[in-house]
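**Q** For reference, the chains in residue letters:
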Amino acid sequence: MDIFELTIHQLHNELKTGAVSSLEATKAMLARIESVEPHVGSFITLTPESALAEAEAADRRIASGEAHVLTGIPLALKDIFLTEGIRTTCGSRILHNFVPPYSATSWERLRDCGCVLLGKLNQDEFAMGSSNESSAFGVTRNPWDTTRIPGGSSGGSAAAIAARQATATLGTDTGGSIRQPASHCGCVGLKPTYGRVSRYGVIAYASSLDQVGPITRDVTDCAIMLGAVAGYDPRDSTSVRTPVPDYTAALTGDVKGLKIGLPKEYFITGLDRDVQESMARAIETYGRLGAEFVEISLPHTDYAVATYYLIATAEASSNLARYDGVRFGHRSPQAEGLIDMMTKSRSEGFGAEVKRRIMLGTYALSSGYYDAYYVKAQKVRTLIMGDFTRAFENVDVILTPVAPTPAFKIGEKTNDPLQMYLSDIFTIPVNLAGTCAMSVPAGFSALGLPIGLQLIGRPFGEETILRAGHAFEQATEWHTRKAEI
Amino acid sequence: MKFQPVIGLEVHTQLKTGSKIFCGCSTTFGSEPNSQTCPVCLGLPGALPVLNKKVVEFAIKAGLATNCIIAHHSVFARKNYFYPDLPKGYQISQLEEPICRKGWLDIQLEGQEAKRIGITRIHMEEDAGKLVHGDVPGLDDGSGVDLNRACTPLLEVVSEPDLRSSDEAVAYLKRLHRIVTWLGICDGNMEEGSFRCDANISVMPVGSDTLGTRAEIKNVNSFKFVKQAIDYEIQRQIALIEDGGSVVQETRLFDPNSGTTRSMRSKEEAHDYRYFPDPDLVPLVIDADWVQHAHKELPELPEHRRQRFITELGLPEYDAEVLTASRGVADYFEECVAFHHNAKAVSNWLMSEVTRALNDSGAAIDACPVIPSQLAELIKMIDKGAISGKIAKTVFEEMWKNGGEPQAIVEKRGLAQVSDSGAIEAIIDEVIAANMAQVEEFRGGKEKVLGFFVGLVMKASRGKANPALVNELLLAKLKVQ
Ligand SMILES: [Zn+2]
Numbered sequence: 001m002d003i004f005e006l007t008i009h010q011l012h013n014e015l016k017t018g019a020v021s022s023l024e025a026t027k028a029m030l031a032r033i034e035s036v037e038p039h040v041g042s043f044i045t046l047t048p049e050s051a052l053a054e055a056e057a058a059d060r061r062i063a064s065g066e067a068h069v070l071t072g073i074p075l076a077l078k079d080i081f082l083t084e085g086i087r088t089t090c091g092s093r094i095l096h097n098f099v100p101p102y103s104a105t106s107w108e109r110l111r112d113c114g115c116v117l118l119g120k121l122n123q124d125e126f127a128m129g130s131s132n133e134s135s136a137f138g139v140t141r142n143p144w145d146t147t148r149i150p151g152g153s154s155g156g157s158a159a160a161i162a163a164r165q166a167t168a169t170l171g172t173d174t175g176g177s178i179r180q181p182a183s184h185c186g187c188v189g190l191k192p193t194y195g196r197v198s199r200y201g202v203i204a205y206a207s208s209l210d211q212v213g214p215i216t217r218d219v220t221d222c223a224i225m226l227g228a229v230a231g232y233d234p235r236d237s238t239s240v241r242t243p244v245p246d247y248t249a250a251l252t253g254d255v256k257g258l259k260i261g262l263p264k265e266y267f268i269t270g271l272d273r274d275v276q277e278s279m280a281r282a283i284e285t286y287g288r289l290g291a292e293f294v295e296i297s298l299p300h301t302d303y304a305v306a307t308y309y310l311i312a313t314a315e316a317s318s319n320l321a322r323y324d325g326v327r328f329g330h331r332s333p334q335a336e337g338l339i340d341m342m343t344k345s346r347s348e349g350f351g352a353e354v355k356r357r358i359m360l361g362t363y364a365l366s367s368g369y370y371d372a373y374y375v376k377a378q379k380v381r382t383l384i385m386g387d388f389t390r391a392f393e394n395v396d397v398i399l400t401p402v403a404p405t406p407a408f409k410i411g412e413k414t415n416d417p418l419q420m421y422l423s424d425i426f427t428i429p430v431n432l433a434g435t436c437a438m439s440v441p442a443g444f445s446a447l448g449l450p451i452g453l454q455l456i457g458r459p460f461g462e463e464t465i466l467r468a469g470h471a472f473e474q475a476t477e478w479h480t481r482k483a484e485i
Numbered sequence: 001m002k003f004q005p006v007i008g009l010e011v012h013t014q015l016k017t018g019s020k021i022f023c024g025c026s027t028t029f030g031s032e033p034n035s036q037t038c039p040v041c042l043g044l045p046g047a048l049p050v051l052n053k054k055v056v057e058f059a060i061k062a063g064l065a066t067n068c069i070i071a072h073h074s075v076f077a078r079k080n081y082f083y084p085d086l087p088k089g090y091q092i093s094q095l096e097e098p099i100c101r102k103g104w105l106d107i108q109l110e111g112q113e114a115k116r117i118g119i120t121r122i123h124m125e126e127d128a129g130k131l132v133h134g135d136v137p138g139l140d141d142g143s144g145v146d147l148n149r150a151c152t153p154l155l156e157v158v159s160e161p162d163l164r165s166s167d168e169a170v171a172y173l174k175r176l177h178r179i180v181t182w183l184g185i186c187d188g189n190m191e192e193g194s195f196r197c198d199a200n201i202s203v204m205p206v207g208s209d210t211l212g213t214r215a216e217i218k219n220v221n222s223f224k225f226v227k228q229a230i231d232y233e234i235q236r237q238i239a240l241i242e243d244g245g246s247v248v249q250e251t252r253l254f255d256p257n258s259g260t261t262r263s264m265r266s267k268e269e270a271h272d273y274r275y276f277p278d279p280d281l282v283p284l285v286i287d288a289d290w291v292q293h294a295h296k297e298l299p300e301l302p303e304h305r306r307q308r309f310i311t312e313l314g315l316p317e318y319d320a321e322v323l324t325a326s327r328g329v330a331d332y333f334e335e336c337v338a339f340h341h342n343a344k345a346v347s348n349w350l351m352s353e354v355t356r357a358l359n360d361s362g363a364a365i366d367a368c369p370v371i372p373s374q375l376a377e378l379i380k381m382i383d384k385g386a387i388s389g390k391i392a393k394t395v396f397e398e399m400w401k402n403g404g405e406p407q408a409i410v411e412k413r414g415l416a417q418v419s420d421s422g423a424i425e426a427i428i429d430e431v432i433a434a435n436m437a438q439v440e441e442f443r444g445g446k447e448k449v450l451g452f453f454v455g456l457v458m459k460a461s462r463g464k465a466n467p468a469l470v471n472e473l474l475l476a477k478l479k480v481q
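Going line by line, the protein sequences match chains E and F.
Residues 1 to 485 (the numbering used here) make up the first sequence, in order.
Residues 1 to 481 (the numbering used here) make up the second sequence, in order.
Extracted from the complex, chain E is given alone in its bound form (with noise of 0.2 Å):
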């Protein structure tokens, strides 16, 4: 098998005997980087230089003897994740020059556990979108058929793991943005409880919903990156001091007696075909390894779309304040005062979607519609977290479909927005109540398209669904498929 098509615990085995190096390995995933980049599109911004220093740093550190599991593994992050010195967009033409003083916190552990930074990955614009198409800097396609998207707004992060550009990505998740996009492209993506990983230091679409998350090749990879990442951040309010367990030890490989939640509000009829014959095949698998099964309901299902886009745009109105051209960013060259300056520069910098959303946000926190539409959302967001919790007391996770649909095609859904939200009605709800989910290879359309399950856990959760997930994927063969590309 070739270095880049290595998982993060096999590339350290071959590191760690001396049998390559991360220097090898590097140079092998960014000759792999330019030979699929032109069909994928994953990357904003490659930072081979650096990539080279600190896989020779890494080396050292081998050598030494000191290594981390993840010390000299070449990933790349999602160009939400600030980095000291290395360009960082959003996927916003407003931020087109801006390069960060300082580097998130999620980016500062991986770098300190000895990690290698290929590049900085496409996204949709400040992560608002559900297919990698509002971005600023060209479309992503999907590894699988690049004539399809490769789902959104983490759409990089999963095309890169497919296209075998990177060992490991970092996304973020603010109504699926992991799950979705790890689903479409057939990668492993885990959303951590809210306040499980810090948000310092990535931008922020909606404060009280973006939660940062790996996407990887299989479940072993996730448990090793969200090790590496989550932990309590003094320098996050939101971030929580809960102690961080050594994930990987939770893969047992044992789900007997597991009880797994189907709500039937997710099995709803419309569903596509290949989706729902994956999740029947999906709940046999677990079946054989002895779970356990009970149906369940999670009556406000139906409102939690229009929950999410209430909260998330009331917040993210409020967070893309910050961009106005007087400190940094893009800067209208043709204002005429500083009125004119703020407002010609967001003009020119956001983009269509961002702007929709900004007016749905700011009209909702409007006075006169602030408690029709803010407050009644933030009432039903409490119902939603309700239904999960009354969920949990009779089961250990939940199983969905992740999407309604394997990925669609490039342009299919760019004018039709209310199709390309409900995209994301499985996914959106977890977000809402604040709890973990993650999106695991469940199988294949009939036009080779894979489809993702998701499993949803308790708050903090996180080694349950986990070890659910590594024993779905020892039994199965969907997460070793590779993209012909």
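Zero decoy hints are in this set.
Straight-line alpha carbon distances no greater than 25 Å define the calculated DSS-like cross-link-like pairs of lysine-lysine that follow:
no.: 1; chain 1: E; residue 1: Lys344; chain 2: F; residue 2: Lys130
no.: 2; chain 1: E; residue 1: Lys376; chain 2: F; residue 2: Lys79
no.: 3; chain 1: F; residue 1: Lys115; chain 2: F; residue 2: Lys102
no.: 4; chain 1: F; residue 1: Lys79; chain 2: E; residue 2: Lys344
no.: 5; chain 1: F; residue 1: Lys448; chain 2: F; residue 2: Lys459
no.: 6; chain 1: F; residue 1: Lys79; chain 2: E; residue 2: Lys355
no.: 7; chain 1: F; residue 1: Lys459; chain 2: F; residue 2: Lys477
no.: 8; chain 1: F; residue 1: Lys464; chain 2: F; residue 2: Lys477
no.: 9; chain 1: E; residue 1: Lys413; chain 2: E; residue 2: Lys355
no.: 10; chain 1: F; residue 1: Lys296; chain 2: F; residue 2: Lys16
no.: 11; chain 1: F; residue 1: Lys79; chain 2: F; residue 2: Lys130
no.: 12; chain 1: E; residue 1: Lys379; chain 2: F; residue 2: Lys79
no.: 13; chain 1: F; residue 1: Lys390; chain 2: F; residue 2: Lys412
no.: 14; chain 1: F; residue 1: Lys227; chain 2: F; residue 2: Lys115
no.: 15; chain 1: F; residue 1: Lys130; chain 2: F; residue 2: Lys16
Just a sample of chain F residues kept apart from chain E, beta carbon distances all over 12 Å, derived:
no.: 16; residue: Lys2
no.: 17; residue: Lys16
no.: 18; residue: Glu192
no.: 19; residue: Thr213
no.: 20; residue: Asn219
no.: 21; residue: Ala239
no.: 22; residue: Gly259
no.: 23; residue: Arg262
no.: 24; residue: Arg265
no.: 25; residue: Leu301
no.: 26; residue: Arg305
no.: 27; residue: Gly389
In short, the hints are calculated from the structure, not lab data.
We treat Cβ as the ideally placed atom computed from N, Cα and C, and that holds for glycine.
Once you've looked at the hints, dock chain F with the ligand against the given chain E.
**A** Structure of chain F with the ligand alone, referenced to chain E:
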């Protein structure tokens, strides 16, 4: 028709914490532009606020000192508006759930009964930066933004519309000013904007219970200007109504040069701030222990101290009021009294000599070169008859200028009072011998001449003779034929 003004005040006090409210940057005033900044107060992408606990402590203290309820659960909210000096495009403040609610302060105008002024709320918020125009090094033309002040902590204290005149408003402000400086949470510097005030003013016909339309006056930064601005605004509104017009709800700016107010923006132009709870900050939960701890740390408050000076130390009301104008003065006073128990004498010295010297030198009481033990010693020397009050003033001047213990100065300069009757008698004899004509006048019944002799004797003794003894001996000698 007679009109009744209705006034409510919103006071912003800048807190004297070492670091800013949501980041670790220093709050030092007057540094190089943008030198006291970090990703958080610059509002860089990805940066997140972390609440400075010191600010909460200060807010709790302010709340306790103004008789407020301290909220067990309070929430930070974002106030959204665009301005170049506001780096995030929103200010982190508190709206629906402030940290303190429902307090009061008593004010007292001369010759009137004490009046209780309600405090609606006190909340924490961050300050904005400031725009700098023109002549700034490194700025060729146009404007720049200095964010050193961005994110410095403020407390906003909102009063009920309980004030009925500019005098009441000023009295309330002075009380509040005394409290925040007394607590040591604000330096109280109004010129530098550490204590600034907006006034909401309306007028209504006397006897009416329907409030008139109010105008908000911004930018009043001295007690004098507050009085001016309110008086002007009351007259403007009354004149407007009497002319058949009506007051419009608007924000007006006070112009200290002309003493007038002018329209800044109308109600229609007012911002919709789109407040909502800040998702980057968790709700602030203050348990009883925290409040209790702050309570223990509170100094004795001015009002309590004033009462105690009257009842325990027997000071007149006037003295007690003056001596509790600031915590520094009150502390100084009590330290003196601890050394020498003549409270009234200490009070007199503090209100006269010490105050005069402080005013002349522009020094604050805590930088007074004469320390309390020394002043007490000086007064003790007067009370013991070791020096006269007049000599004491000379000694005080010397202590102020060159330092030193009063005892040593008196000895060094030979200023000790002469109470040796032999020495005084010798002087008296000389004086009588030289002024026989006046002696005759005295003996002829013109007793006022005594003062003439006392003056001469004191002069001859260079002020050191014990005046009481001089009196006694002179009388005896003059009456003897
Ligand atoms: Zn700062």
